[in-house]
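Colleague: Put together the whole structure using the sequences plus the hints.
If you read the sequences in order, they're chains L and C. For the first sequence, UniProt numbering begins at 1 and goes up steadily by one. For the second sequence, UniProt numbering begins at 1 and goes up steadily by one.
Take the hints with a grain of salt, since some may be wrong.
[What the hints assert, rightly or not] Sample of chain C residues with no beta-carbon within 10 Å of chain L, all distances over it, derived: (1) ALA10; (2) ALA14; (3) GLN30; (4) PRO54; (5) THR121; (6) LEU129; (7) ALA171; (8) ASP175; (9) GLY199; (10) ILE205; (11) ARG215; (12) GLY220; (13) GLU224.
[Claimed, not checked] Covered by chain C, per the in silico footprint, the following chain L stretches (three or more residues, Cβ under 8 Å): (14) 24-34; (15) 148-155; (16) 163-177.
[Claimed, not checked] Here are the in silico distance ranges between beta carbons for each label pair: (17) VAL261(L) to ALA37(C): 49 to 55 Å; (18) GLY228(L) to PRO203(C): 56 to 62 Å; (19) ALA10(C) to VAL261(L): 53 to 59 Å; (20) GLU117(C) to ALA258(L): 35 to 41 Å; (21) ILE73(L) to SER137(C): 28 to 34 Å; (22) HIS8(C) to ILE253(L): 56 to 62 Å; (23) LEU88(L) to HIS8(C): 38 to 44 Å; (24) PHE108(C) to GLU80(L): 21 to 27 Å; (25) ALA258(L) to ARG116(C): 32 to 38 Å; (26) ARG34(L) to PHE108(C): 23 to 29 Å; (27) PRO66(C) to TRP266(L): 55 to 61 Å.
Rather than coming from a laboratory, the hints here were simulated on the basis of the structure. Just so you know, even glycine gets a beta-carbon here, dropped at the ideal spot from N, CA and C.
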Amino acid sequence: MDLFAYDFMVRALLGALIIGLIAPALGIYLVQRRLSLIGDGIGHVALTGVGVGLLLNQSPVLTAVVVSIIGAIGVELVRERGRTSGDLALALLFYGGIAGGVVLVGLSDDSSNANLMQFLFGSLTTTSQQDLIVIAVLGVAVLAAMLGLRQALFAVCNDEEYARVSGLPVRTLNLLMAVTTAVTVTIAMRTVGLLLVSALMVVPVAAAQQVTRGFRSTMAAAMVIGVGSAAAGVWLAGEIDTAPGATIVILAIAAFVAVTVGAGTWRVLRRRSAPSRQHPAAQLEPPEVVLRAGAR
Amino acid sequence: MSVVTVSHAAVSYAGRAVLQDIDLDVQPGQVVAILGANGSGKSTLIRSVLGLVPLEAGTVTLFGTPQRRFRQWARIGYVPQRMGAGSGVPATVGEVVASGRLARRGIFRPSGAADREAVRTALTDVGLLDRIADPVSTLSGGQQQRTLIARALAGRPDLLILDEPTAGVDAASQDAFAEALRRFAQAGGTIMLVAHELGPIEPLIDKAVVVHHGRIAYEGAVPEPAGHHAEPGHDHVHPHAEAERARICVAPTDRMPAN
Numbered sequence: 001m002d003l004f005a006y007d008f009m010v011r012a013l014l015g016a017l018i019i020g021l022i023a024p025a026l027g028i029y030l031v032q033r034r035l036s037l038i039g040d041g042i043g044h045v046a047l048t049g050v051g052v053g054l055l056l057n058q059s060p061v062l063t064a065v066v067v068s069i070i071g072a073i074g075v076e077l078v079r080e081r082g083r084t085s086g087d088l089a090l091a092l093l094f095y096g097g098i099a100g101g102v103v104l105v106g107l108s109d110d111s112s113n114a115n116l117m118q119f120l121f122g123s124l125t126t127t128s129q130q131d132l133i134v135i136a137v138l139g140v141a142v143l144a145a146m147l148g149l150r151q152a153l154f155a156v157c158n159d160e161e162y163a164r165v166s167g168l169p170v171r172t173l174n175l176l177m178a179v180t181t182a183v184t185v186t187i188a189m190r191t192v193g194l195l196l197v198s199a200l201m202v203v204p205v206a207a208a209q210q211v212t213r214g215f216r217s218t219m220a221a222a223m224v225i226g227v228g229s230a231a232a233g234v235w236l237a238g239e240i241d242t243a244p245g246a247t248i249v250i251l252a253i254a255a256f257v258a259v260t261v262g263a264g265t266w267r268v269l270r271r272r273s274a275p276s277r278q279h280p281a282a283q284l285e286p287p288e289v290v291l292r293a294g295a296r
Numbered sequence: 001m002s003v004v005t006v007s008h009a010a011v012s013y014a015g016r017a018v019l020q021d022i023d024l025d026v027q028p029g030q031v032v033a034i035l036g037a038n039g040s041g042k043s044t045l046i047r048s049v050l051g052l053v054p055l056e057a058g059t060v061t062l063f064g065t066p067q068r069r070f071r072q073w074a075r076i077g078y079v080p081q082r083m084g085a086g087s088g089v090p091a092t093v094g095e096v097v098a099s100g101r102l103a104r105r106g107i108f109r110p111s112g113a114a115d116r117e118a119v120r121t122a123l124t125d126v127g128l129l130d131r132i133a134d135p136v137s138t139l140s141g142g143q144q145q146r147t148l149i150a151r152a153l154a155g156r157p158d159l160l161i162l163d164e165p166t167a168g169v170d171a172a173s174q175d176a177f178a179e180a181l182r183r184f185a186q187a188g189g190t191i192m193l194v195a196h197e198l199g200p201i202e203p204l205i206d207k208a209v210v211v212h213h214g215r216i217a218y219e220g221a222v223p224e225p226a227g228h229h230a231e232p233g234h235d236h237v238h239p240h241a242e243a244e245r246a247r248i249c250v251a252p253t254d255r256m257p258a259n
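Modeller: Below, the structure is given as structure tokens:
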């Protein structure tokens, strides 16, 4: 009954919690900048990195980090130019990334479908002690950057020109975002997989902003939702024997739906109980209208 | 020492000349309005002063330093035309205004009591202190514009540069805004603003510069609205008499040097 009596489940849980915490902390800046899907794109590129690792008998995580950082910087440079062809360039990069990954994994000695699936949809329960250390160290680094540079990153994502006129190192901050996105995608590869990683960056933020009023509170609420879905997802997946990554994402989406419906219901109820307050103002308007109508 | 000096500046977009041979000098404490019709290049002029638009020729000097080597950005408060398009992630008025402290504080130091105080003072200046915790998306256009001015004021700049700050702003906000600018100028601040309409800020203006077809067509006192000087003896016939009564400043083309 007690799933967490097993070491591998404890490691799975810790890995998921770290990703659940950092993915929304990073994702909020991506959402603010309308780059919600960038994590997904970088995930595609990371698959080529996995393929390179398997082919060269290197650690796939390491090569995925390197390749996705290169990809993310490339995307940022295209975005910075603001060229109309940027959209197309991104598409080429993403599909090139996933196709390259599938081909390279196929060429490697370890070319089973199961292996590919492991990277695409996560393989949380096979997280080793060493994996967990890598996830923790990189996770802390990403989190420190996202929280420590919050005001600067907020300024850049909110109004890039203003940030430039404030003398902020806009380009460096943008590249930092690109690199941390790549790192987060790669370490989350174990947990939710490359195809679902973007969900953990974006869905908790989307849920949080239904009820929050400020950036800081949205960030905090998104991180709580992220950690909550990760914990509940790992537990539920163990109980009903489903894929942990997909279960975590389903729960995050359930949180989004619950918060949206809850907030909507609350607004409707408040509006129904409020009309008595709006009434006097509504009464002030009509006489003028009547007068004007009478004048004609 | 001049606060801003522009000499022989030229800017072009995709081969089309937008500004040509611009010379401009702003002295400390001056309030300079840059006027002109839409598309005259007036916004481009201040964007090139700020380094947001690259110069094709000529130079810009800020506080005596060539713009390329200028690093004291905290001395400049920039107010863009409008708030960036909302992304859906909420931000409070206080959070947006707090961005204005970054130039002074640097990106690594966490915000302190002095920063919070400056944010509150700036919001008081524009009359929005009571909205500090509200999401900016719930504010009217005029209030959002005042938030952007508070953001610039929060950095305690020496020079305020505003791009069409009063376009589409309600009367109450225009007055609050003119009052904030008046206090800033009275405290010795320098102001450079682009406007289509001056409205309640007109009495503050020390010098007006009219940009017409990418060149400076006039420099001096605020030009009378064209309707007033289109009197007998004045051979200038203006086709937009109605619009001028609404105090829209247009380039007094009759005073332009023929070139």
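Colleague: So, for every hint listed, does it hold in this structure?
Modeller: How the hints compare with the structure:
1. ALA10: 21 Å, holds
2. ALA14: It holds; ALA14(C) is separated from chain L by about 13 Å at its closest Cβ, greater than 10 Å.
3. GLN30: 20 Å, holds
4. PRO54: 13 Å, holds
5. THR121: 18 Å, holds
6. LEU129: 16 Å, holds
7. ALA171: 18 Å, holds
8. ASP175: Non-interface label stands for ASP175(C): nearest chain L Cβ at 22 Å, farther than 10 Å.
9. GLY199: 24 Å, holds
10. ILE205: 23 Å, holds
11. ARG215: ARG215(C) clear of chain L: closest Cβ-Cβ about 25 Å, beyond 10 Å.
12. GLY220: 28 Å, holds
13. GLU224: 34 Å, holds
14. 24-34: Answer holds; 5 residues pass the 8 Å Cβ test.
15. 148-155: Coverage by chain C holds here, the residue count being 6 at a Cβ distance below 8 Å.
16. 163-177: holds (count 8)
17. VAL261(L) to ALA37(C): 49 to 55 Å: The hinted range 49 to 55 Å holds for VAL261(L) and ALA37(C), with Cβ atoms some 51 Å apart.
18. GLY228(L) to PRO203(C): 56 to 62 Å: The hint (56 to 62 Å, Cβ to Cβ) holds, given that GLY228(L) and PRO203(C) are roughly 58 Å apart.
19. ALA10(C) to VAL261(L): 53 to 59 Å: Holds: the Cβ-Cβ distance is about 57 Å, inside 53 to 59 Å.
20. GLU117(C) to ALA258(L): 35 to 41 Å: 40 Å, holds
21. ILE73(L) to SER137(C): 28 to 34 Å: Since the Cβ atoms of ILE73(L) and SER137(C) sit about 32 Å apart, the hinted range of 28 to 34 Å holds.
22. HIS8(C) to ILE253(L): 56 to 62 Å: 59 Å, holds
23. LEU88(L) to HIS8(C): 38 to 44 Å: 40 Å, holds
24. PHE108(C) to GLU80(L): 21 to 27 Å: 23 Å, holds
25. ALA258(L) to ARG116(C): 32 to 38 Å: Once the Cβ atoms are compared, 35 Å apart, the range 32 to 38 Å for ARG116(C) and ALA258(L) holds.
26. ARG34(L) to PHE108(C): 23 to 29 Å: 27 Å, holds
27. PRO66(C) to TRP266(L): 55 to 61 Å: 56 Å, holds
Checked against the numbered hints given earlier, this structure breaks none of them.
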